[in-house]
Structure formats: structure tokens, C-alpha cells
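Undergrad: Starting from the structure of chain A, add chain B where the hints point.
Residue numbers (our numbering), protein chains in the order written: chain A, 1 to 352; chain B, 1 to 361.
Please keep in mind that the hints were generated in silico from the structure rather than gathered at the bench.
A hint or two may mislead.
To be verified - Computed footprint of chain B on chain A; a stretch qualifies when at least three of its residues, placed anywhere within it, have a C-beta under 8 Å from a C-beta of chain B:
hint, segment
1, 82 to 90
2, 95 to 104
3, 136 to 146
4, 165 to 173
5, 213 to 224
6, 316 to 326
Claimed, not checked - List of simulated lysine to any residue pairs, SDA-like, C-alpha gap at most 20 Å:
hint, chain 1, residue 1, chain 2, residue 2
7, B, K146, A, Q176
8, B, K342, B, D278
9, A, K18, A, V47
10, B, K326, A, A304
11, A, K135, B, D182
12, B, K326, A, Q101
13, B, K324, A, E96
Note that the Cβ used here is the ideal one computed from N, Cα and C, for glycine as well.
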Amino acid sequence: MILFACLFICTCGWAQGKRKIIIDQDCSGPGGSNLQAPLVLIQSPQVDVLGITVVSGDQWRDEEVAHMLRLLEIIGRTDIPVVPGAVFPLVRNREESLLWQDRYGTVAYGGAWDPRWWHEPFVIPPMPEGKPTTKPSSEDAAHFLIRMVHQYPHEITIYEGGPMTDLALAISLDSQFPSLAKELVFMGGSLNPHTDDPEFTNNPRHEFNFWFDPDAAEIVLRAAWNKIICTPTDISIKTRMTPAMAREIESSGTPLARYVARYFQPGPGTDYMWDELAAAAWVDPTLITKQETRYMGVDLDRGAGYGNTLTWTKDDQTKMHREPVDIQIDLDAERFYRMFVSLMRAPTPPAK
Amino acid sequence: MRFFRVWFVLAVALLFLSSMCLAQEKQKVIIDQDGAGPAGTDQQSILLLIQSPKTDVLGITIVTGDMWLDEELAHTLRMLELIGRTDIPVVRGAENPLVREREDTLLWEQRYGLVTWLGAWTPSVYHAPDFVGNLAEGNPTTKPIKENAAHFLVRMVRKYPNQVTIYEGGPMTNLALAISLDPEFPSLAKELVFMGGSLNPQTNDPEFTNNPRHEFNLWFDPEAAHIVLRANWKKIVCTPVDVSVKAPLTQDLIDRIRKSSTPAARYIGQYAKVYSYDYMWDELAAAAWLDPSIITKTETRFLDVDLDRGAGYGNVLTWNANDKPKIAVQPVEIQLDLDTAKLYKLFVDLLSATTPPKTTP
Numbered sequence: 001m002i003l004f005a006c007l008f009i010c011t012c013g014w015a016q017g018k019r020k021i022i023i024d025q026d027c028s029g030p031g032g033s034n035l036q037a038p039l040v041l042i043q044s045p046q047v048d049v050l051g052i053t054v055v056s057g058d059q060w061r062d063e064e065v066a067h068m069l070r071l072l073e074i075i076g077r078t079d080i081p082v083v084p085g086a087v088f089p090l091v092r093n094r095e096e097s098l099l100w101q102d103r104y105g106t107v108a109y110g111g112a113w114d115p116r117w118w119h120e121p122f123v124i125p126p127m128p129e130g131k132p133t134t135k136p137s138s139e140d141a142a143h144f145l146i147r148m149v150h151q152y153p154h155e156i157t158i159y160e161g162g163p164m165t166d167l168a169l170a171i172s173l174d175s176q177f178p179s180l181a182k183e184l185v186f187m188g189g190s191l192n193p194h195t196d197d198p199e200f201t202n203n204p205r206h207e208f209n210f211w212f213d214p215d216a217a218e219i220v221l222r223a224a225w226n227k228i229i230c231t232p233t234d235i236s237i238k239t240r241m242t243p244a245m246a247r248e249i250e251s252s253g254t255p256l257a258r259y260v261a262r263y264f265q266p267g268p269g270t271d272y273m274w275d276e277l278a279a280a281a282w283v284d285p286t287l288i289t290k291q292e293t294r295y296m297g298v299d300l301d302r303g304a305g306y307g308n309t310l311t312w313t314k315d316d317q318t319k320m321h322r323e324p325v326d327i328q329i330d331l332d333a334e335r336f337y338r339m340f341v342s343l344m345r346a347p348t349p350p351a352k
Numbered sequence: 001m002r003f004f005r006v007w008f009v010l011a012v013a014l015l016f017l018s019s020m021c022l023a024q025e026k027q028k029v030i031i032d033q034d035g036a037g038p039a040g041t042d043q044q045s046i047l048l049l050i051q052s053p054k055t056d057v058l059g060i061t062i063v064t065g066d067m068w069l070d071e072e073l074a075h076t077l078r079m080l081e082l083i084g085r086t087d088i089p090v091v092r093g094a095e096n097p098l099v100r101e102r103e104d105t106l107l108w109e110q111r112y113g114l115v116t117w118l119g120a121w122t123p124s125v126y127h128a129p130d131f132v133g134n135l136a137e138g139n140p141t142t143k144p145i146k147e148n149a150a151h152f153l154v155r156m157v158r159k160y161p162n163q164v165t166i167y168e169g170g171p172m173t174n175l176a177l178a179i180s181l182d183p184e185f186p187s188l189a190k191e192l193v194f195m196g197g198s199l200n201p202q203t204n205d206p207e208f209t210n211n212p213r214h215e216f217n218l219w220f221d222p223e224a225a226h227i228v229l230r231a232n233w234k235k236i237v238c239t240p241v242d243v244s245v246k247a248p249l250t251q252d253l254i255d256r257i258r259k260s261s262t263p264a265a266r267y268i269g270q271y272a273k274v275y276s277y278d279y280m281w282d283e284l285a286a287a288a289w290l291d292p293s294i295i296t297k298t299e300t301r302f303l304d305v306d307l308d309r310g311a312g313y314g315n316v317l318t319w320n321a322n323d324k325p326k327i328a329v330q331p332v333e334i335q336l337d338l339d340t341a342k343l344y345k346l347f348v349d350l351l352s353a354t355t356p357p358k359t360t361p
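Next comes chain A alone, as it looks inside the complex (with noise of 0.2 Å):
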């Protein structure tokens, strides 16, 4: 009776000792980054996603709830709610940015409104890995997030993989969301990344996610937070998923390691993991080896410059008060493959 009783407030222990995460996505699929990070906190044992909530941004929302709700079912997890958020970004949309690029250059990669592959909003293209028979929640993810930060106060990591419209909505709907959270941890902004990719070479400031929606990110990024993490584009761009570790992925032969393997494309370009290593460097902080602390915001002037990093230095920053943000610059990247394709081939932790 008494080893019963241990044996339960040990489990209790362990539950209540799991870290909570809402995931804010643009899931983006079949397979890449988009949902292959969400795979990384689902797999993680210690970890326990509240929900997944999703933005337009690589794709447009709708397309992404039907990307995500059907990853969870082919995974076994569709407890997890998959909440939708906002389709458009706050202030600006795709015919601006036309306009916008008509000036100022063309972007190398335009996510939901990249010419090369766009389509109407909330039309959903045909599905490679089946349709979801499962639904989202109809809750709104602003009303999720606000609503998940009051029940658990100081308890929730919010982790951003995408442009960051449903964050700025929730701030704006209740201005106490960001303290109540434990800390926001995002894949965004860029500061100087050492690479021939043509996409950064000539707009070493600019990055997909800011870009989207500037406003949103700038509304997030003065926030008062407990404290923020970034993994921007400088990182990033040290990674690479390789067609060796999808193999050695694959071999396990769980449905999750077969849909990894089997959506998974090689580079150049769409190999980076950019969204897998913010959220595998809060899973295991060790997997960086160095960092800086700089203040950042976006540039919302409507010219050349929108949507652009901005990052001060405490000498140097401005009057406006903002936290600082912990930027990642380098890290292990052997390590982090290593524990990428060990969750990947793992079991997948059943729901609580």
C-alpha cells in the first residue's frame, strides 16, 4: 500500500515536473522544419505540449491546421490541441508586399504569398501524407494562449516557429500575457550570417519571419517578458539535415520516423533546421556554445528597411525600455544531430 502510494506521488512528481510549452507554428507541411520541431518537443519524455497553436506565414492557416491535425493522428497524438490562429498578418498583406518588393527588390522566399506556389487563402492543397479526419479546436489561439497563461501562471514556455501575428494578438488583448508566461523562445530576426546564400548576402537584416509581419514582431519583441531566447538566421544557417540522417531516421520504422524520411528534402536551401534547433536548444541548453545579449526590434518604417532586424547593445540602445533577448550564435551541431535523430526514431511518449 505504501509502495502504491510512493509509486503515485512519484508519477505525480514527474507530471507536475514536466515543462509546459505552447507551440506557435507555421506548420508548414508535409514534413520540414515547420513540423519536424513540434516533433522534437512532442518526443521530448520531459516535456508536456499544452497545445499547438498556428499562423499563416510558410503556408497559409487553414493548410496548416490540415497538416499538423494529420502528423498527430499519424503519430498517435491527437490529444494535443491544434487551435487555429490568424491567416493574415496584423497590418500588412501579400499585395502590399508585391508592391513593396516592386521598390525595394524581390525577396528570395515569400512563404504563403511566394509567387511560385501561391493560392487563395483557405484553400487547402491535395495532401501527399492522407487528409485529417480529426478537427481543430474552436477555440481561437489569441483566446488559447491568454486563457492557458492565466490557468498556468509562470509555468508556460511559449516557443514561436513562425511570424509572430497570435502572440501579438494575445499582448494586445491582455496586456499581462507576456509576464504571466515562463519565457518566449522564437526562431527569428537576423544580425550578420556568415554564408554565400543569396537570400541573406545582400539583406543580412532581413528574415522570413519579421519580414511577414513586422508589426506583430515589434509588438513582441518590447514586451515584457520573463525572458526571451532567439535563434536567428546566424545559427540557423549552421545546420543541415542530411539524407544520411533521414536514413538512419527511417530505420527505426515508426510511423513518425517513416514520415520524417519520407518528406524530407535534401538542400541546398531547404535543408536548414531552423525551428528544430530553437526548439532542441531549450530542450537541452547545453547544445549552444555561445551566445550574446542584445535588445532587439523591427524596423516598421514602410521603406527599404521594413521588416529588418534591429539589435542595440546596453551602451548603445535606445531610450524606448525593452528586455534584453539571449541570441544564440553558435552551437554543437554534431550533438544536435545526434539527439535530432535519436528523438526521431524514439517511441512516441503517450498522451498523460
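TA: Relative to the frame of chain A, chain B by itself:
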């Protein structure tokens, strides 16, 4: 005798049917307002809409603007208590504009010049957002509903599609949030009527002589105004400064209302004041919606707000149909002149009247 009975029954039936029709014709409206008080243009415009027997006020959503959100909620709740209409939901909206910040605005002023009216940010009256203090008209005991303004707005237009007029008397933050949460919100509303914007007011009011394109509501949250003005409303009606400056509030109007002893009249009588350069900003927007014949001249223009962060940040931009930009902008019916006698009569009559009871479904 039989003919008389038949006639009597028909007459009663007709009366019954026409009273039912009258009830069904009530115009549903949600008032989004920076509810500063007591009395003043914000509360007086709310009162006009409540006092009209033609309206069904579904709720009053509050936004920071002339004052901070929390004190405005208190003033609005207290006003409803004093006139006996605590059935009308008061709904908590945005505490801050979307992007604009006070600190940044003070620095902007150092470069581009001082702004006459900063609402809740006015340095001489500035206090922390959550400070309310004791109200001159008495502290309210009622509370706002639990739902937030943006969700309330979306829920109402979905509950009553194509029936709800959105009346906007303050910065447009709540409406912009509703649009971001639900892109169908504007098209599901019946129309948008708002007090805001400024084209070319003919006045010596220093607030506008150097800044004809500056108007507080649009300036305080320019991004929200931009989001709202380009959304696909079925109809947008604008009461700009140009017509506001033709509708001064006078002491005579308040004195006439004081003759009545209804709760609304006593509220106005006790707390309404006339300041210099005092216009019936929001009252005119409300009155013109209740009786469009008050407006004697309108023009259709396409409106937007300057989002560049320099000298023009927050200024109104306008175009005609033949010179508007390539990006979709919406036609707006802009009110330019009015029949002041009609406005004043409506103002005095409605604010002197007994407050109509809650609309029974």
C-alpha cells in the same frame, strides 16, 4: 354590432402587428468608445444611442483613448447605473494601441512638435493605467462582463449577421483586433459609422491650424485605423473634424436639458461642462446615424492613415476614385456639413427624455 366587433378586432390586430414591426425594426448597434467621463462627448454619445427608442444597444466595448481603459469602464458602468440600464453589457477592450507607445510618442514630439491632445497620455493628467480613484458621479458597483471586446464584437456579428451597426467613437484598436481574429467580421456587420479623421477643417482651433490631417482617434492608433479602413465593410460613414467644428456644444443646450428631471437629464445637468473649442464630436456621429437628414453635405472619398513613422505618422490620407492607389482601399461617406438646429433639437429632446427600457426579444 357585429361590424363594430369586426372593426375593433381588426384595429387591435393592426395595432399589435405594427407594434411588433416597430420592435423588430430596432436597429442593433454596438458602441465601441473611449468612454471618458463623467458626461462629455464620449458618454453623451453613448447616451444619445441608448435614449433613442429606435435602437437596441447590444453592448458598449471600451478602449483606451481619451482616458485609460479602467477609468473609462468605471465611468461607463456608473452612467448606466444612474440611468437604470445596467442590462447593457460593458465590455473590456484594449488597454494600449496596437503599436504606438507613449514613450516613443514623447520622443517623436521632440522631433516633430507637440500634440495638443494626447488623451490618456496627456502629461498634465497622466497616471498609471490601472488607477481609477473616486468618481465625481459616484463609484460603480456593477462590473464589466468577463468576455473581452474583440471576441464580443465577433460573437455578436455572427449571432446577428448583417444586422449590427458598429459605432466607433474612439481609437479603433478593438475593431482591428476583431478583424485580425475573424477576417469576416467587417462583412458580417451591417456598417461602420465612426467619428474620426480630418481633411481640411475651417477653423482657428490651434489643434488643427498647423495639422489639418491630424485627428486624435486615428492618430492614437494609426495601425488599427489602417487595418479597419481597408477592411471590406458593406458601408463606412465618417464624421470628420471638418464637420465637428461646425457643431459646438453650448451652455444653452445644457441649460435646456436641465429643465427636465429624468435620470439622463440630471446626469447631464450635473456633470456636463462646456470647454473652449468644445464640439459635439461623437454626439454628431451618433445623431447623424439616428437621423441622417441632420447631415446636409457628404462626399465619397477613400481613406487611409499614414504609417510612416516620421512627421506624418498617424495623419489621414484621402483619395478620390480616379487617383486612389493600386492597393484596395474602401469608399467612405464623409460628412461635411450639418443642420445644427436639427442636431441640437435631437440632442436636447433625447437627453431630456425618459430612458427607454431594455428591448424585449
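Undergrad: Any hints from earlier that this structure breaks? Give me their numbers in increasing order, please.
TA: Per hint list: zero violations.
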